[in-house]
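Participant: Chains as they are written, first to last, in the working numbering: chain F, 30 to 320; chain H, 30 to 320; chain X, 30 to 320; chain D, 30 to 320.
Take the hints with a grain of salt, since some may be wrong.
Which copy is meant is left open, because identical chains are indistinguishable; a pair holds if it fits in one copy or across any two.
In the DSS-like style, the derived pairs of lysine-lysine whose C-alpha atoms are separated by at most 27 Å in a straight line are [to be verified]: (1) Lys-221 x Lys-65; (2) Lys-65 x Lys-157; (3) Lys-299 x Lys-65; (4) Lys-101 x Lys-299; (5) Lys-267 x Lys-221; (6) Lys-221 x Lys-101; (7) Lys-227 x Lys-65; (8) Lys-267 x Lys-32; (9) Lys-101 x Lys-65; (10) Lys-221 x Lys-51; (11) Lys-113 x Lys-299; (12) Lys-51 x Lys-227.
Treat the hints as calculated values from the structure; they're not laboratory data. Bear in mind that the values here come from a model prediction, so they are computed numbers and not experimental data.
4 protein chains.
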Amino acid sequence: MHKVAFIGLGRMGLPMARLLLKAGFAVTVFNRTRAKGELLAAEGATVADTAAAAVEAGGIVVTMLANDVALKTIADDVIAKLGKGGLHISMSTVSPETSRELAARHAAAGSDFVAAPVFGRPEAAAAKLLRICVSGASGAIDRARPLLEAMGQSIHEFGAEVGAANVQKLVGNFMILSAVEAMAEAFALGEKNGLDRKAMNAFFSETIFACPIYQNYGRIAAERAYQPPGFAMPLGMKDLRLVRDVAEESRVPMPLADLLHARLLTALAKGREDYDWTAIELSSAEDAGLR
Amino acid sequence: MHKVAFIGLGRMGLPMARLLLKAGFAVTVFNRTRAKGELLAAEGATVADTAAAAVEAGGIVVTMLANDVALKTIADDVIAKLGKGGLHISMSTVSPETSRELAARHAAAGSDFVAAPVFGRPEAAAAKLLRICVSGASGAIDRARPLLEAMGQSIHEFGAEVGAANVQKLVGNFMILSAVEAMAEAFALGEKNGLDRKAMNAFFSETIFACPIYQNYGRIAAERAYQPPGFAMPLGMKDLRLVRDVAEESRVPMPLADLLHARLLTALAKGREDYDWTAIELSSAEDAGLR
Amino acid sequence: MHKVAFIGLGRMGLPMARLLLKAGFAVTVFNRTRAKGELLAAEGATVADTAAAAVEAGGIVVTMLANDVALKTIADDVIAKLGKGGLHISMSTVSPETSRELAARHAAAGSDFVAAPVFGRPEAAAAKLLRICVSGASGAIDRARPLLEAMGQSIHEFGAEVGAANVQKLVGNFMILSAVEAMAEAFALGEKNGLDRKAMNAFFSETIFACPIYQNYGRIAAERAYQPPGFAMPLGMKDLRLVRDVAEESRVPMPLADLLHARLLTALAKGREDYDWTAIELSSAEDAGLR
Amino acid sequence: MHKVAFIGLGRMGLPMARLLLKAGFAVTVFNRTRAKGELLAAEGATVADTAAAAVEAGGIVVTMLANDVALKTIADDVIAKLGKGGLHISMSTVSPETSRELAARHAAAGSDFVAAPVFGRPEAAAAKLLRICVSGASGAIDRARPLLEAMGQSIHEFGAEVGAANVQKLVGNFMILSAVEAMAEAFALGEKNGLDRKAMNAFFSETIFACPIYQNYGRIAAERAYQPPGFAMPLGMKDLRLVRDVAEESRVPMPLADLLHARLLTALAKGREDYDWTAIELSSAEDAGLR
């Protein structure tokens, strides 16, 4: 079995790499701050000093990085080292454009590229509960599948157009924040009419909206449990910006995405960088004179 | 056991009255068009010719009518006839203001009033799957409970302020249409990037949004199954108007509710009266040049 | 010359009635609080104790009241007293629907009705600088014209459909507040980039936006001269509500009107009842973290 | 007198360079397509083959280019050639960030940079009616002033922060399109209520909105004179994108700018690239079912 390079050991990458180790893959890890890699050494990982050193020619590389720039920064080394027959499984939340660009560069170098972004917070990653969306050439997806199955509870294919899974991931985050905004306005109206926001949320999350997003985010919003953040405001801003960029390039007006972006901007302008992104809810309360 | 009067045998009222009959209640029904009542005669219902004739002094009246005006229209007769010791269970989707006004008038006449609006479409009503929100004096709710339990799968109390359940119902409908708008924008963006809207919906409705609203409305929107309507556009408009009215009176800005209202207006302006309200989705597609 | 009845001596009505007196009309005034009428007695007005007492059969009545309800409240008496050959010049800012309804009732009683709402603040009224929009039967407008010319600097006809002038007035107020919102967002962006809002406004109001609205409201917004109000927040809310009502009835989505309405609601929720409506500007500043 | 280099002879640059020639400046012009330059040769201009060739060491360069990228593309050559004592007058509509970046690079090379964007269409440029906003070091502005006075009817200073004039220009374009949106919604409401859009516009542009923007754009919108475009849709999109970029960086939520951006996207999605940007008006009409 080829060794697997895993690049990016942040809050998501670390538990994901650990799952690969647990599943028996030989994993070489690389992270900008080496200490994160050392955490996995005791569990069997080899720790590399550079991205290039982690990659084996013709092998498989998994990347889980903070954003498009971070991914592009290591891409040169990865593509050069990987060479013919290699496979890059890109799991970061990035723009479809970045995936298309990297896939083309990989193709030119004889290697494959699949986009495989994930839904789920760090706790979900640790519990192997991630939902993984994947797109790219079907042969490449087949090759990636054993690794993806080691890291998530379900794998969802979105076809050969390599950016498709990224679009699905981005609109998913957009839909999550849309649900938050809906709850925010609903709770504000309820509260001003004497209802208890926890009771409101209990009803919805047990009945017509009995699904993870409303249950998690509804609880966070009802209790205003914004610190420490599960998904911090600037990360939400990054994703909504990507949604708006894709929307502009695709010529798709998205007024609800614009509303959410304005809410995030307001939160940042008011100094809420280290709040969970659910805290956009505060805008509805403040505009209603509730705070 | 007192006889129960059931007023309003529309698409919701008819299956609800039937559940009361099945549960063994003696039910006298009244509907503006008598034919609807006759349908239940074979199942044991008594059919009255007027609202007043259906009501027994000191008894229980259930109303399930189209809107605030329809409810207020029969209220005079109901209140007069019901008198001391009576109970009015108001299950229509109306404004909290109407409930507060009727509750006051009932109190003046010595009778009780509870608001008990429901979530669920006609099929859900027939299958005893409605979710019932209820508010009012706790003694009155206790008295209403056996009937509510005969008609729904769960009963959710929202306290003594009689309009509270109406607010919960209205914001619920607002949240449902918010989910539709989120899917509409997401699907438009996906489609312009080569994704299949059914595949997009399948992922969401099986994973992070695996709950009735996203499953039902996601399917309707993905398949554009807008006719015949499950919940027609003008009904959606009525409910969003009520949301906006309460928001204005309560001084709660709701930009997302405004967006949904504009979507409904567009659909009506384009002649989609007899489409399911999910068809607000078409605006996103049209504005993106997809149709 | 017939005597003219003038009903409603508020901040606008008083200077308007005075202009009629100055122009030589015999005017009988009526106001709910009689003291206002007494102010004009010294200038030649007759003061009546009731609306009906002010009106002469077959004569002319001018009304300038706070809203639709106030106008409808006195309408019964006016129509009854005026009778055949009378003319009602309705100058209040009301809905086109109210004008249509009153015109029909006047027609049934043999009298005429024209809608003649005005643009301009009390100072403009005093200086005979009002702009008057008028709609109704052309014969009735001809009969009204000498009075209108005594009260405004220009008269603008909008045809025989009696509600037309009201629509023009309402969209005018909508356009004014739209200009305020545009300036508010522009000033917030400028201020956060180090520009001076007064300098920004000076440029616009001297060049491409050198017209009364931008000059007046730009100055108010740049200086935040919100108290005492020239046009108080609740009046703005009343007019935007009318705009939204007409939009809903006409099936015209107006997202900008919705934005303005939300701004007004926010201002009211934050306790700014006695601010000039230009103070919706504060929302942009607050959401940008500038206050 | 130093020779002046003028780079960029598009629809705006050409008439502006001509004004410099008329005012007696010795002008060397450069344009990517040389033919544009030849047009001015007969009027006394020297035509250069490269940007660098047009620039004189220590002299003055005026640039009027399509966007940030075009400006940055020629900036290397300009800065290198201009050297100590030179002055760059940048008149393009670009982001304040670009101005700040270029000003820093000029400073490092010993030359000065002022931002001097303009308001006005090509006809206004030809008639010396442009309004010029300028920011930068006061000494540099003083040196630029004779040229600016030769090209515009008025010069407006916005201080030493070099990006300030760009912000003023961008928010100005935002305010212009805001006025268009306000008229669009107003006209749609009017039209559905039987008013004539030309009559509506005539009133506004002669009275409370009697200023160039409402007069020009009101006429274009009332007559739907969208082709040929005075300012084409993609140019409007470019400017609104810059507004949104600055807003995001500055953390200033601008919901009205978002609405305008969505309108532009809709127009582009519907294939209206070669329409005047005023044609965002069509969205209001279409959503109201008027087309």
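Participant: Now tell me, hint by hint, if it's right for this structure.
Facilitator: Taking the hints in turn, this is what the structure says about them:
| no. | hint | result |
| --- | --- | --- |
| 1 | Lys-221 x Lys-65 | neither (47 Å within a copy, 39 Å between copies) |
| 2 | Lys-65 x Lys-157 | within (20 Å within a copy, 54 Å between copies) |
| 3 | Lys-299 x Lys-65 | neither (32 Å within a copy, 48 Å between copies) |
| 4 | Lys-101 x Lys-299 | neither (32 Å within a copy, 34 Å between copies) |
| 5 | Lys-267 x Lys-221 | between (32 Å within a copy, 21 Å between copies) |
| 6 | Lys-221 x Lys-101 | between (48 Å within a copy, 25 Å between copies) |
| 7 | Lys-227 x Lys-65 | neither (38 Å within a copy, 40 Å between copies) |
| 8 | Lys-267 x Lys-32 | neither (32 Å within a copy, 47 Å between copies) |
| 9 | Lys-101 x Lys-65 | within (21 Å within a copy, 41 Å between copies) |
| 10 | Lys-221 x Lys-51 | neither (51 Å within a copy, 40 Å between copies) |
| 11 | Lys-113 x Lys-299 | neither (50 Å within a copy, 43 Å between copies) |
| 12 | Lys-51 x Lys-227 | neither (39 Å within a copy, 35 Å between copies) |
Comparing the model with each earlier hint shows violations of hints 1, 3, 4, 7, 8, 10, 11, 12; every other hint is respected.
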